[in-house]
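Q: One-letter residues, chain by chain:
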Amino acid sequence: MNEPVEPRKPPFKLPDGMTFDPQNGARAFVKHGHTGFLGMQYRAHGEDWMELAMPWREDLVGVEETGVLASGPIISLLDNATSMSVWTRQGIFSPQVTLDLRIDYVRAAVPGKTIIARAECYQIRRSMAFVRGVAHDGDVNDPVAHTAGIFMLVGSTEWTRK
Amino acid sequence: MSEYKLPPYARAMGMEIDHIEDGVPIIGMDFADRTQGRPGYLHGGAIGGLLEMAGYAALRAELERQGNDARMKPININIEYLRGGVKERTYARGEVLRAGRRVANVRVEAWQGDREKLVASSWMNFLLAAPKEA
Numbered sequence: 150m151n152e153p154v155e156p157r158k159p160p161f162k163l164p165d166g167m168t169f170d171p172q173n174g175a176r177a178f179v180k181h182g183h184t185g186f187l188g189m190q191y192r193a194h195g196e197d198w199m200e201l202a203m204p205w206r207e208d209l210v211g212v213e214e215t216g217v218l219a220s221g222p223i224i225s226l227l228d229n230a231t232s233m234s235v236w237t238r239q240g241i242f243s244p245q246v247t248l249d250l251r252i253d254y255v256r257a258a259v260p261g262k263t264i265i266a267r268a269e270c271y272q273i274r275r276s277m278a279f280v281r282g283v284a285h286d287g288d289v290n291d292p293v294a295h296t297a298g299i300f301m302l303v304g305s306t307e308w309t310r311k
Numbered sequence: 107m108s109e110y111k112l113p114p115y116a117r118a119m120g121m122e123i124d125h126i127e128d129g130v131p132i133i134g135m136d137f138a139d140r141t142q143g144r145p146g147y148l149h150g151g152a153i154g155g156l157l158e159m160a161g162y163a164a165l166r167a168e169l170e171r172q173g174n175d176a177r178m179k180p181i182n183i184n185i186e187y188l189r190g191g192v193k194e195r196t197y198a199r200g201e202v203l204r205a206g207r208r209v210a211n212v213r214v215e216a217w218q219g220d221r222e223k224l225v226a227s228s229w230m231n232f233l234l235a236a237p238k239e240a
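Line by line, the protein sequences give chains A and B. Counting in this note's numbering, the first sequence runs from 150 upward without gaps. Counting in this note's numbering, the second sequence runs from 107 upward without gaps.
There may be inaccurate statements among the hints.
Which stretches of chain B does chain A cover? Using the computed rule of at least three CB atoms under 8 Å from a CB of chain A, they are [to be verified]:
hint : segment
1    : 115 to 123
2    : 131 to 145
3    : 150 to 157
4    : 180 to 188
Hints listed in this document are in silico derivations from the structure and should not be mistaken for laboratory results. Where is the CB? At the ideal position from N, CA and C, for every residue including glycine.
Work out the full structure, taking the sequences as your base and the hints as a guide.
A: In C-alpha cells form, the structure reads like this:
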C-alpha cells in the first residue's frame with residue numbers, strides 16, 4: 150500500500166500564481182535539461198491544450214536496424230505536453246508532479262518523421278488535474294500513441310492540516 | 107545470456123547494464139542534465155524510458171531462456187510515479203509475470219539508493235509476434 154501523500158513544500162519554487170503564457174512559457178521550458186536534450190519544440194496551444202513537437206534523431210532510435218524512434222522520447226514528449234496543458238488551462242504556473250501516466254502504442258512511428266504531441270487537460274480539481282493526448286507523426290487522426298494521466302497539484306491546500 | 111546491446115536512445119541517455127541478477131539485466135542510469143526535469147529531479151519521461159529498457163531486457167532474457175525467437179512489440183505501459191527521482195544513479199529491473207504464445211506481461215520497478223524506496227513502478231504489455239521470415 151502506498152502511504153497517503155504527506156503535506157509538504159512544493160518541490161520547487163515558482164512565484165505563487167505566476168501567470169503562465171503558454172507560448173513563451175513552453176518555449177522557455179523546452180530549452181533545458183531532458184526536454185532540451187530531446188529537442189522538443191513549442192507548436193501551438195488553445196484554452197486547455199498544448200502541442201509540442203520533437204524531430205526524429207538518429208541517437209533517439211529504439212531499433213537500430215529500422216530507425217524507428219524509441220518509445221522513451223515519446224513518453225517524455227507526452228509527459229511534457231500533458232503537463233503544460235494543465236498550466237495552460239489554469240493560466241498560472243503551479244507546482245505539479247505526475248501521479249501516473251498510461252501510454253498505448255497503437256502503431257510504430259515512421260522513421261525520420263517529427264513526432265507531434267497534442268494534449269489536453271480535460272478536468273481539473275483542487276488537487277488533481279486529468280489529462281489525455283495523442284502523439285502522431287503528421288496526421289492527428291492516425292496517432293502512434295494515446296495517453297491518459299493524472300497530475301497532482303502539490304501546492305493545493307487539500308493536504309494542509311489545520 | 108547472449109550479448110545484449112542497448113539501443114541508441116538508451117546509450118544516448120547514459121543507460122547501461124549495471125549487472126545481471128538471477129539472469130535478469132539491471133539497467134542503471136546516472137543523473138545528468140539530459141535526464142533532468144524540474145531542477146534537481148529526474149524527468150518523468152527519463153524514468154519511463156529507463157523502465158521500458160529494463161522491461162525489454164528482462165523479457166528478452168526470459169524469451170532466450172525459453173528458446174523463444176518471437177519479436178517483442180510494445181503494446182502499452184502504465185507508470186506510477188511514487189517519489190521524485192533525485193540526483194543519484196537510478197536502477198530498474200523487470201519481472202516477466204508471463205510470457206505466453208501471444209503476449210507477455212511485465213512488471214518493472216525503478217529505485218535509487220534504497221531499493222525498498224521505489225521511484226516508480228510500472229506494468230508493460232508486449233505483443234509476441236512471429237519472427238520475420240529469414
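Q: State for each hint whether it applies.
A: So, going through the hints one by one against the coordinates:
no.	hint	verdict
1	115 to 123	holds (count 5)
2	131 to 145	holds (count 7)
3	150 to 157	holds (count 6)
4	180 to 188	holds (count 9)
Comparing the model with each earlier hint shows no violations; every hint is respected.
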